[in-house]
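4 protein chains.
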Amino acid sequence: MQDSLVIAGKELNSRLFVGTGKFADHNKMKEALEESQSEVVTVAVRRVDLGGDDQYILNDIPDYMTLMPNTSGARTAEEAIRIARLSKAAGMGNWIKIEVISDSKYLLPDNEETIKATEALVEEGFVVLPYMSPDLMAGKRLEEAGAATVMPLGSPIGSNRGIQMKEIIQIMIDEINVPIVVDAGIGRPSEAAEAMEMGADAVLVNTAIATAKDPVAMAQAFDLAVKAGRSGFLAGLGATKAKASASSPLTGFLHS
Amino acid sequence: MQDSLVIAGKELNSRLFVGTGKFADHNKMKEALEESQSEVVTVAVRRVDLGGDDQYILNDIPDYMTLMPNTSGARTAEEAIRIARLSKAAGMGNWIKIEVISDSKYLLPDNEETIKATEALVEEGFVVLPYMSPDLMAGKRLEEAGAATVMPLGSPIGSNRGIQMKEIIQIMIDEINVPIVVDAGIGRPSEAAEAMEMGADAVLVNTAIATAKDPVAMAQAFDLAVKAGRSGFLAGLGATKAKASASSPLTGFLHS
Amino acid sequence: MQDSLVIAGKELNSRLFVGTGKFADHNKMKEALEESQSEVVTVAVRRVDLGGDDQYILNDIPDYMTLMPNTSGARTAEEAIRIARLSKAAGMGNWIKIEVISDSKYLLPDNEETIKATEALVEEGFVVLPYMSPDLMAGKRLEEAGAATVMPLGSPIGSNRGIQMKEIIQIMIDEINVPIVVDAGIGRPSEAAEAMEMGADAVLVNTAIATAKDPVAMAQAFDLAVKAGRSGFLAGLGATKAKASASSPLTGFLHS
Amino acid sequence: MQDSLVIAGKELNSRLFVGTGKFADHNKMKEALEESQSEVVTVAVRRVDLGGDDQYILNDIPDYMTLMPNTSGARTAEEAIRIARLSKAAGMGNWIKIEVISDSKYLLPDNEETIKATEALVEEGFVVLPYMSPDLMAGKRLEEAGAATVMPLGSPIGSNRGIQMKEIIQIMIDEINVPIVVDAGIGRPSEAAEAMEMGADAVLVNTAIATAKDPVAMAQAFDLAVKAGRSGFLAGLGATKAKASASSPLTGFLHS
Numbered sequence: 001m002q003d004s005l006v007i008a009g010k011e012l013n014s015r016l017f018v019g020t021g022k023f024a025d026h027n028k029m030k031e032a033l034e035e036s037q038s039e040v041v042t043v044a045v046r047r048v049d050l051g052g053d054d055q056y057i058l059n060d061i062p063d064y065m066t067l068m069p070n071t072s073g074a075r076t077a078e079e080a081i082r083i084a085r086l087s088k089a090a091g092m093g094n095w096i097k098i099e100v101i102s103d104s105k106y107l108l109p110d111n112e113e114t115i116k117a118t119e120a121l122v123e124e125g126f127v128v129l130p131y132m133s134p135d136l137m138a139g140k141r142l143e144e145a146g147a148a149t150v151m152p153l154g155s156p157i158g159s160n161r162g163i164q165m166k167e168i169i170q171i172m173i174d175e176i177n178v179p180i181v182v183d184a185g186i187g188r189p190s191e192a193a194e195a196m197e198m199g200a201d202a203v204l205v206n207t208a209i210a211t212a213k214d215p216v217a218m219a220q221a222f223d224l225a226v227k228a229g230r231s232g233f234l235a236g237l238g239a240t241k242a243k244a245s246a247s248s249p250l251t252g253f254l255h256s
Numbered sequence: 001m002q003d004s005l006v007i008a009g010k011e012l013n014s015r016l017f018v019g020t021g022k023f024a025d026h027n028k029m030k031e032a033l034e035e036s037q038s039e040v041v042t043v044a045v046r047r048v049d050l051g052g053d054d055q056y057i058l059n060d061i062p063d064y065m066t067l068m069p070n071t072s073g074a075r076t077a078e079e080a081i082r083i084a085r086l087s088k089a090a091g092m093g094n095w096i097k098i099e100v101i102s103d104s105k106y107l108l109p110d111n112e113e114t115i116k117a118t119e120a121l122v123e124e125g126f127v128v129l130p131y132m133s134p135d136l137m138a139g140k141r142l143e144e145a146g147a148a149t150v151m152p153l154g155s156p157i158g159s160n161r162g163i164q165m166k167e168i169i170q171i172m173i174d175e176i177n178v179p180i181v182v183d184a185g186i187g188r189p190s191e192a193a194e195a196m197e198m199g200a201d202a203v204l205v206n207t208a209i210a211t212a213k214d215p216v217a218m219a220q221a222f223d224l225a226v227k228a229g230r231s232g233f234l235a236g237l238g239a240t241k242a243k244a245s246a247s248s249p250l251t252g253f254l255h256s
Numbered sequence: 001m002q003d004s005l006v007i008a009g010k011e012l013n014s015r016l017f018v019g020t021g022k023f024a025d026h027n028k029m030k031e032a033l034e035e036s037q038s039e040v041v042t043v044a045v046r047r048v049d050l051g052g053d054d055q056y057i058l059n060d061i062p063d064y065m066t067l068m069p070n071t072s073g074a075r076t077a078e079e080a081i082r083i084a085r086l087s088k089a090a091g092m093g094n095w096i097k098i099e100v101i102s103d104s105k106y107l108l109p110d111n112e113e114t115i116k117a118t119e120a121l122v123e124e125g126f127v128v129l130p131y132m133s134p135d136l137m138a139g140k141r142l143e144e145a146g147a148a149t150v151m152p153l154g155s156p157i158g159s160n161r162g163i164q165m166k167e168i169i170q171i172m173i174d175e176i177n178v179p180i181v182v183d184a185g186i187g188r189p190s191e192a193a194e195a196m197e198m199g200a201d202a203v204l205v206n207t208a209i210a211t212a213k214d215p216v217a218m219a220q221a222f223d224l225a226v227k228a229g230r231s232g233f234l235a236g237l238g239a240t241k242a243k244a245s246a247s248s249p250l251t252g253f254l255h256s
Numbered sequence: 001m002q003d004s005l006v007i008a009g010k011e012l013n014s015r016l017f018v019g020t021g022k023f024a025d026h027n028k029m030k031e032a033l034e035e036s037q038s039e040v041v042t043v044a045v046r047r048v049d050l051g052g053d054d055q056y057i058l059n060d061i062p063d064y065m066t067l068m069p070n071t072s073g074a075r076t077a078e079e080a081i082r083i084a085r086l087s088k089a090a091g092m093g094n095w096i097k098i099e100v101i102s103d104s105k106y107l108l109p110d111n112e113e114t115i116k117a118t119e120a121l122v123e124e125g126f127v128v129l130p131y132m133s134p135d136l137m138a139g140k141r142l143e144e145a146g147a148a149t150v151m152p153l154g155s156p157i158g159s160n161r162g163i164q165m166k167e168i169i170q171i172m173i174d175e176i177n178v179p180i181v182v183d184a185g186i187g188r189p190s191e192a193a194e195a196m197e198m199g200a201d202a203v204l205v206n207t208a209i210a211t212a213k214d215p216v217a218m219a220q221a222f223d224l225a226v227k228a229g230r231s232g233f234l235a236g237l238g239a240t241k242a243k244a245s246a247s248s249p250l251t252g253f254l255h256s
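Protein chains in written order, with my numbering: chain A, 1 to 256; chain B, 1 to 256; chain C, 1 to 256; chain D, 1 to 256.
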């Protein structure tokens, strides 16, 4: 179809981005990634770098997927920049999802440090996709800094609470010109569909797929939901009404 | 797949029921019905009976669909019973969706009259699918009366307000043994997905498809959404959490 | 003030109704009832009738309060009618709150049986205040049967979930002519205020006060909240807007 | 009572802060300010400075209130700093509410510039009360910079949409040590009560009072609501439950 999403010149047919964390095993992960139809997958640079079992995680990511390494573990812009460089040096490509988090309880990203890291890494030629706390002005700064997308969280990561920050995310979708990817908090297919109906360009889902009883079936559910929400958005959603309006004619019949 | 829904011995592969009201023209309607993959369609007996253009509406309903004529226009049990008999006499089969509505502003169904009509028509051999205001005890009475499904409204018909009555509909899903079909109020694909994630057996969508800018694309969107929600339900949705929980490892890396 | 609520000729200055269940002890209860400023209190006829400690509960209810005995424990109209007669015979007055509940899990009232009991007891001269599952047509039947008020639940009793049934309760407030009292589910002062802002005539609160760490302070909080919500309703609430609108002038100053 | 709020050594008995914008006339404003029982009032420095009618606005503010001049109209930290100095020079005291807004559509504050202005003005000896877009890390920086309170918006100013940003504001209340004042968006008394129940230290309300049909009655309604919500918070709110829990005993009676 011609409704593709283009990020840094890459044409994507799926608007579902996925992650590699929390899967029970690599086989299930691989199968779920494939079933999701997703073309973009995020992986923590730290896991690849660690050695041990996890270093082979890249082997279980389908070849056709674009790798979006993330700077998980970074607490400052400087640390995020260092991780991004390690990632490129390790052959993981030039896409980088910036995560700068110093709050260890709610894991909320630090927008100010995220903006700094974005500015520096765009300068170095990275395709930068920053994860952020929803905020219009910070989003505009990320856009100005050259971010390829802006990725606000829907609710705290791993909380499965859906798009709690709807109000501000809707404003960001309306006012920011680079693609908006709703990242974190989406726990159910219906919530992914809702993000797409709001006009988001894509969603990133990890926990909800990885920790489902059946991750492969859940990956498929999210694939369908994202397509459903996007189709609904394009088909022109109706306005809500305060009163009822009959689908079938109500008068006349037996009473006429 | 083996996750079919069986109503009165009929095996259905799609859990999306659709309607025929409010379409701009019959061609668009036919195309949308087909694209929806739905196998059950409701049509007001009154429209068929009217003569004029509308009487040919049946010609534009795909052959493979099960007809669920409705008693739209009935204000009492007695009127609904009369319409049901007309429907059968006119060769529209023995399924009947009961709608008894005397409230002309919000078009909210009358549960007491609906129960009476259900009792009488089950007695006469109809497959009765009553539309109702969400209420646990009324739902149980409909079940006892022999209803094939119970169809509570999500919000007032045509309002596109989604599942406002979530609290009570969830209880009905948990406590009533015949299939629950959420009918009326669903305005967006995400809301149809949500109903399925709650464990509803099916949804009925009419206004949202018929009045979309592109009804055919919207029909497809709802088809995907219902499948997404159902798959998510079967795959085992995760619980929501008050706090965040990282998808990627957060500690150790640069700090170790 | 002249904004009093009149029920069966009785003029009430407080729109907060309270209950006597779940208090840790009678002294705390008495103090909370007084602090609530409430003038109407419900008590289960069954408790009075039981003998033992509970039979003296009436001694701890302030004299100025109107007693609204309830038929808690009734599972049918017939049982409710029997309890109402016992109540009157025991000198508890001619007000009766009808509760007919056969669902032991969610404790949702049975509207059909409630309507029957209301019809019978109005006939016998009772002032009937029926507790019910929110439903427009059932509410209209209760009004026609002569109910002094209609008391829909906000959410299942004791759940502290607030006004989950907002959609239908708003419609009942708009369409039914006797006073609407939101009963059950209200867990926080803000939710009582919200009911009043919607135009409800009164609220009944029991669990939220009785089980608070400090029931007396909580009683006072609900008193204030009900007054706040009612004042807000009368003062003319503003409409919500999709966009911002500055309170202070934004242009000109430094830029002019 | 001893539940006072202390800001910069000033003890406040009311947790309702009010504004002076949008009132139809100065007399109504004065009466509403008095009736609100509020002890803190914000006024745009720009209005005082303008000359013309508005310059006399200070005359209509009750003497006992603490003036919290605001930098409305500032689009950068630098402009906000300039306005703050003008305010002090004009004898309006050393409290300053920082508002830095360059987004003219949703009027969302610029956290980065707000932090800069806060740092500079704390340095100059001001009591700084910054208005901000809800964000945990920006809130922490404001605290570190020496802000006397942190004032996140509930929803876009003047929108009357309530606390749309509940999720993040709750986290800010839990994690930030200076008082949190929910500012902007609160349109109904129940929403003010809700903010207090969440544990907010105060709320600022302007539009909802000033534009009510009866601003004086609405001021009183908000006063009561804030007290109700605060009392409820202190009295220990109960947890919500998934199932019902009877207030009155349900078994035994007629069935025993």
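If you're looking for bench data, these hints aren't it; they were derived computationally from the structure.
Check before you lean on any hint, since a few could be wrong.
For identical chains, the list gives no copy identity; a pair is met inside one copy or between any two copies.
DSS-like, lysine-lysine: derived pairs with alpha carbons at most 25 angstroms apart [what the hints assert, rightly or not]:
{"hint": "1", "residue 1": "10", "residue 2": "213"}
{"hint": "2", "residue 1": "241", "residue 2": "140"}
{"hint": "3", "residue 1": "28", "residue 2": "105"}
{"hint": "4", "residue 1": "241", "residue 2": "166"}
{"hint": "5", "residue 1": "10", "residue 2": "241"}
{"hint": "6", "residue 1": "213", "residue 2": "88"}
{"hint": "7", "residue 1": "213", "residue 2": "28"}
None of the values given here were measured: they were computed from a predicted structure.
Here is what the structure says about each hint:
Taking identical chains as interchangeable, the C-alpha atoms of residue 10 and residue 213 are never at most 25 angstroms apart, the minima being 33 angstroms within one chain and 30 angstroms between chains. When the C-alpha separation of residue 241 and residue 140 is checked against a cutoff of 25 angstroms, the pair qualifies only between copies, where the shortest distance is 24 angstroms, while the shortest distance within a copy is 33 angstroms. Taking the shortest alpha-carbon separations for residue 28 and residue 105, neither the intra-copy value of 29 angstroms nor the inter-copy value of 39 angstroms comes in at or below 25 angstroms. Taking identical chains as interchangeable, the C-alpha atoms of residue 241 and residue 166 lie at most 25 angstroms apart whether they share a chain (20 angstroms) or sit on different chains (15 angstroms).
For a Cα distance limit of 25 angstroms, the shortest separation of residue 10 from residue 241 qualifies neither inside one copy, at 40 angstroms, nor across copies, at 35 angstroms. In the homo-oligomer, the alpha carbons of residue 213 and residue 88 never lie at most 25 angstroms apart, since the shortest distance is 35 angstroms inside one protomer and 46 angstroms across protomers. Within a single copy, residue 213 and residue 28 get their C-alpha atoms as close as 11 angstroms, which meets the 25 angstroms cut-off; across copies the closest is 40 angstroms, which misses it.
Hint violations for this structure: numbers 1, 3, 5, 6, all remaining hints satisfied.
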